[in-house]
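Peer 1: In case you want the letters, here they are:
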Amino acid sequence: MVDALRPPPKKHPTRRSPVATPPPAPRSRTGIFFTAYAARGEFRLQKCEACGAVAYPPRDICAKCWSSDLVWTPIAPEGALVAETMLHTSTTPYFRDRLPWRIGAIKLAGDGPVVVAHVHADASDGGDVRVFARTDKSGQGVLYALPEKDTENMADDHALREITCDPKHRRILVTDARTPLGAAMAKAALEAGAAKVFLGVAQKWKPFDGQEALLSLPNTEIAPLDMADADSVTELAASIGSKVDILINTAQFVRPGSAMNRRDLVTARDEMEVNYFGPLRLLQALGPIMRARGADGANSAAAWVNCLSVFALSNRPAFGLTSASQAAALSLSQSARAEFAGSGVKVVNAFHGPLDDEWAQPLPPPKVAPEKLASDVVGALRKGLEDVCSGDIAKDIYERWRENPAVLERELALTNLAD
Amino acid sequence: MSLLKDLGEAVTSGSVKIVDLSHTLDPDFPVLVLPPEFGQCQPFRIEEVSRYDERGPAWYWRNFSCNEHTGTHFDAPVHWVTGKDLPNSSVDTIDPSGFVRSACVMDFSKEAAGDADFVLTAEHIKSWETQHGEIAAGSWALFRTDWSKRTHAEYLNLKEDGAHSPGPDAGAIRYLIETRNVVGFGVETIGTDAGQGGHFDPPYPAHTLLHGAGRYGLQCLRNLDQLPPVGAVVIATPLKIKAGSGSPLRVVAMVEE
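Residue numbers (this note's numbering), protein chains in the order written: chain E, 1 to 419; chain G, 1001 to 1257.
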């Protein structure tokens, strides 16, 4: 049984903070497919279209029949732990720093192959396990085996916390707490065991709905933060930068309108200011500090979360210019993901459809309740996902985008005609 | 021209004191708030270009951006629809003689302290004049409320039903324009109109009437408590922005010690 994770001690005054030593990263180009699925929580392996064999590890041709017709296919997660061992020594700095480390061989159900996985401490040798694919601290896809049924303190297993970004005992910055989304995010983080939530509040001179209730939440602290003001962002980094373990960017500027039904660039600039330049300023000020703390104990820096409209993927003409700024934000998140690679900090994109807020008033349901997006973000952190969709619209658009972006673009253009 | 020579010497010697009536242009200084579906007044924003570093080894400079009505600012007649057809009514074309004028300072800080919605009327102005004399034609009428001593949320004083800050009614403004022929009206609050001025008749009487009559506004002033009721000279030179509706500016006053 895993012991409950205790709140981490305060930092030692003279010891050097641990630096990130990423686990082995090299993968074949084919292996990156496995990683890309794993990052969004999908466990897929290649299945041979010719003979039906499941390839493991990823291969360019089928080891059984030499066909190159291998298709990435969802794999049932059930399996049995047929062999396990505890590493007590390793030449890889990452594992040396974290020994002992449990690994095992799992025979997947049915005609599935035997795979190698990190194994949870509570999984019993010879017993059934649940296997899932996720990205590790170097951002590469790995397999992990959980016990057949949830156990007490299961999420606290040290190897599991290496691939999740669990908010428990971590300190969270919610960049814009003025909105219902910001408030919902703060509450969800606290319920997930966050040690503290910093509430980013811009323009304190302007009151906002729910201010009193928000400020009365326990373990919270107002963090003056105007993402449009470089000095404000720098001051925030100077005051709490080394205490932000998870950053959740909830700031959004959403307005209807496209280029030809607006008269100026004022709103478009505000969209870019909040949706793109704001996160960019945060990345410049806070990113390097978080990147340096990716292995800093049980409350290491773990995640940089962007709440993105799913129309970042493909433009929704009725909100054409907000979509354009969201596309910029998505591109920035890709840049950030590359910069954080190997640091132990995951960049998490939470795609959502229209939120059920004042800017989506005329839109028909389904709309995403702020509480739903908040719980999906916290869920993604607990699971260690890098891409997550919140709500039916986001899931639908995301799937259609994966299937064929060019078709989706034209479909969305037609919705504009219908509007 | 011994007058200006004497003035120059008086300023240098300190017998004429220069009082700064401006707030610092600070990104966190409140701006006028409108319902979010309207275009908004942009707060002051700064981006560093270089600071003695690889971006510019020996020099420090920054880009800034803001609205024409951010911080301590000047309102030109063209700012309001009532002044849109007046000749020479934008900051680049108005007569620069209006930029340097004597000022009277009407102190209603006690009234404003007791009532955030204090409304300045013609009667108030007339009673002030019984003490300090008639407001001179062509001068600035400055309305002291000590509102500039408030900060953050207390400055805008936004409630569910809008902002609450002192301002004039139509009668006061008409009196200043028609009877006293002032060059403009200056305040410590975020606008020349009261926080609730949108509910007055006509709405926003200061903006509507002043600018319709080609007069100016000065907003977000401070240190009015350092000026005498009469006798100060205000220097308020807006930036020469092409067709500008107003401009942030450094306002100073000359005061005889």
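For the record, the hints were derived by calculation from the structure and aren't laboratory data. Treat the hints with caution; some may be incorrect.
[Said to hold, decoys possible] Taking lysine-lysine pairs in the DSSO-like style, the calculated list, with each CA pair at most 30 Å apart, reads:
(1) K168/E x K204/E
(2) K11/E x K243/E
(3) K1149/G x K206/E
(4) K1159/G x K206/E
(5) K206/E x K243/E
(6) K204/E x K1159/G
(7) K47/E x K168/E
(8) K383/E x K168/E
(9) K204/E x K372/E
(10) K372/E x K196/E
(11) K1110/G x K204/E
(12) K1005/G x K206/E
(13) K204/E x K1149/G
(14) K11/E x K168/E
(15) K372/E x K383/E
(16) K196/E x K11/E
(17) K196/E x K10/E
[As the list claims (entries may be wrong)] Some chain E residues flagged as far from chain G (calculated, every beta-carbon gap over 10 Å):
(18) G52
(19) W72
(20) F95
(21) A105
(22) D122
(23) F132
(24) K204
(25) K206
(26) P207
(27) A213
(28) I222
(29) S232
(30) V266
Heads up, the beta-carbon is just placed ideally off N, CA and C, and yes, glycines get one too.
Peer 1: Now tell me if each hint is right for this structure.
Peer 2: We went through each hint and held it up to the structure:
1. K168/E x K204/E: holds (29 Å)
2. K11/E x K243/E: holds (11 Å)
3. K1149/G x K206/E: Holds. K1149/G to K206/E sits at ~17 Å (cutoff 30 Å).
4. K1159/G x K206/E: Within the cut-off at roughly 10 Å; holds.
5. K206/E x K243/E: holds (27 Å)
6. K204/E x K1159/G: holds (14 Å)
7. K47/E x K168/E: Since the Cα atoms of K47/E and K168/E sit roughly 38 Å apart, the hinted pair is violated (cutoff 30 Å).
8. K383/E x K168/E: holds (12 Å)
9. K204/E x K372/E: holds (27 Å)
10. K372/E x K196/E: Satisfied, since the Cα-Cα distance of roughly 21 Å is no more than 30 Å.
11. K1110/G x K204/E: holds (27 Å)
12. K1005/G x K206/E: Measuring from Cα to Cα gives roughly 48 Å; hence the hint is violated.
13. K204/E x K1149/G: holds (17 Å)
14. K11/E x K168/E: holds (18 Å)
15. K372/E x K383/E: Roughly 16 Å separates the two Cα atoms, so the pair holds.
16. K196/E x K11/E: Status holds; Cα separation ~16 Å.
17. K196/E x K10/E: holds (14 Å)
18. G52: holds (58 Å)
19. W72: holds (45 Å)
20. F95: holds (39 Å)
21. A105: Holds, since 53 Å exceeds 10 Å.
22. D122: The claim holds: D122/E sits with its nearest Cβ about 51 Å from chain G, beyond 10 Å.
23. F132: holds (43 Å)
24. K204: violated (6 Å)
25. K206: For K206/E, whose nearest Cβ neighbour in chain G is about 6 Å away, the distance does not exceed 10 Å, so it is violated.
26. P207: violated (6 Å)
27. A213: holds (16 Å)
28. I222: holds (12 Å)
29. S232: violated (7 Å)
30. V266: With a cut-off of 10 Å, V266/E comes too close to chain G, as the shortest Cβ separation is near 6 Å.
The structure fails to meet hints 7, 12, 24, 25, 26, 29, 30 from the earlier list, while all remaining hints are met.
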